[in-house]
Each structure stands twice: as C-alpha cells, then as structure tokens.
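Engineer: Sequence:
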Amino acid sequence: SMGWNLGNTLEATWVPRNSFSTTTQTAVDSVKAAGFNTVRLPVAWFYHSDTITSIIDAAWLAHVKKVVDYRIKDSMYVIINAHWDLGWLENRVNAANKNIVNTRQQKYWTQIANHFKDYD
Numbered sequence: 001s002m003g004w005n006l007g008n009t010l011e012a013t014w015v016p017r018n019s020f021s022t023t024t025q026t027a028v029d030s031v032k033a034a035g036f037n038t039v040r041l042p043v044a045w046f047y048h049s050d051t052i053t054s055i056i057d058a059a060w061l062a063h064v065k066k067v068v069d070y071r072i073k074d075s076m077y078v079i080i081n082a083h084w085d086l087g088w089l090e091n092r093v094n095a096a097n098k099n100i101v102n103t104r105q106q107k108y109w110t111q112i113a114n115h116f117k118d119y120d
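Here this note's numbering is used: the first residue of the sequence shown is 1, the next is one more, and so on.
Keep in mind that the hints are not guaranteed to be accurate.
[Unchecked claim] In silico lysine to aspartate or glutamate, EDC-like type, Cα no more than 20 Å apart, as pairs:
no., residue 1, residue 2
1, Lys117, Asp69
2, Lys66, Asp120
3, Lys66, Glu90
4, Lys65, Asp85
5, Lys65, Asp29
6, Lys107, Asp50
7, Lys32, Asp69
8, Lys117, Asp57
9, Lys107, Asp74
10, Lys66, Asp118
11, Lys73, Asp120
12, Lys73, Asp118
13, Lys32, Asp74
14, Lys107, Asp29
15, Lys107, Asp57
16, Lys107, Asp118
Derived from the structure by calculation, the hints contain no laboratory data.
Using the sequences plus the hints, can you model the full thing?
Structural biologist: See the structure below:
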C-alpha cells in the first residue's frame, strides 16, 4: 500500500475561485496503475467559504466530491485535509483567536462530514 499526494490543486489559492483544478479520471487512473492505493487531498476551505458564516461554497464542495469520486471509482482510499488556505489558521493560532478558530474549524468539518457522510 502506497500513498500519493495531490498537491497544488485543491489547496491552490493562487487560482481564481471559479477556476477549479483540472484533475481528471485519466490522471487518477494512472496514479492507481502506478501502484498507489491512497491519495491525500489537501484542500483550501477558507478560500472557498464565506469569511463571516464559514459556509463552504456549494460548487466547491461539489468539485471536491467529484475529485474524491474519481478515487473511489478506482477503489482508492482518500484522506481529505485542510491545507494552507491563505494562512488563516497558521497565522491565528493563539489564545486570543482560540474561539474564532475552533468555531470556524467546527463549522468546516461539520459541513465536510455531512457532505461525505455516505462514504466509508
């Protein structure tokens, strides 16, 4: 069992919000054919959410699901994580921001968990 990292795509905050990455089933098939059975998906959530309500954009969630589904089709394990996101988390880890950070994380991961609740 080997893992592969799909970097610089779903966490790429330098890409305009409406220009989603072009990960394809063909690309995923080639990763599977190379012997990988697990893929890490680093995802920027803050960049694709309302900065006040922390509601993740529905189109972004649908896009992440599409990329996850490519892996599921190839019987691969998928690890979704929050990554980079313009440094909103890394730059706010302190006692003064604890409640804001924890609330935002809870809102994100509740939405993500609900969106993928039928996956195992």
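Engineer: Could you run down the list of hints and mark each one as holding or not?
Structural biologist: Outcome of the hint check:
Annotation: proposed proximity of Lys117 to Asp69 holds, straight-line Cα distance about 13 Å (limit 20 Å). In summary, the hint linking Lys66 to Asp120 is supported, as the alpha carbons are separated by about 16 Å, within the 20 Å threshold. For the suggested pair Lys66 and Glu90, the alpha carbons sit about 28 Å apart, so the restraint of at most 20 Å is broken. A threshold of 20 Å between alpha carbons decides the hint, and for Lys65 with Asp85 the separation of about 18 Å falls inside it, so the pair holds.
Between the alpha carbons of Lys65 and Asp29 the distance comes to roughly 17 Å, so the proposed pair stays at or under 20 Å and holds. Simply put, Lys107 and Asp50 have alpha-carbon atoms about 11 Å apart, close enough for the 20 Å limit, and the pair holds. For a cut-off of 20 Å, the pair hint linking Lys32 to Asp69 stands: about 14 Å separates their Cα positions. Only pairs whose Cα atoms come within 20 Å are accepted, and Lys117 paired with Asp57 is accepted, the gap being roughly 18 Å.
As the CA atoms of Lys107 and Asp74 are separated by approximately 30 Å, the hinted pair breaks the 20 Å bound. Taking the CA atoms of Lys66 and Asp118, the gap is about 14 Å. The hint holds against a cut of 20 Å. Restraint check for Lys73 and Asp120: satisfied, since their Cα atoms lie roughly 13 Å apart, inside the 20 Å limit. For the hint pairing Lys73 with Asp118, the CA-to-CA distance comes to about 15 Å; that is within 20 Å, so the pair holds.
Of the pairs offered as hints, the one joining Lys32 and Asp74 holds, with about 7 Å between alpha carbons and a cut-off of 20 Å not exceeded. Distance check on the hinted pair: Lys107 and Asp29 sit about 33 Å apart at the alpha-carbon level, beyond 20 Å; violated. This hinted pair checks out: Lys107 and Asp57 have alpha carbons roughly 13 Å apart, not beyond 20 Å. Proximity of Lys107 to Asp118 is assessed by CA-CA distance (about 19 Å); at most 20 Å being required, the pair is judged to hold.
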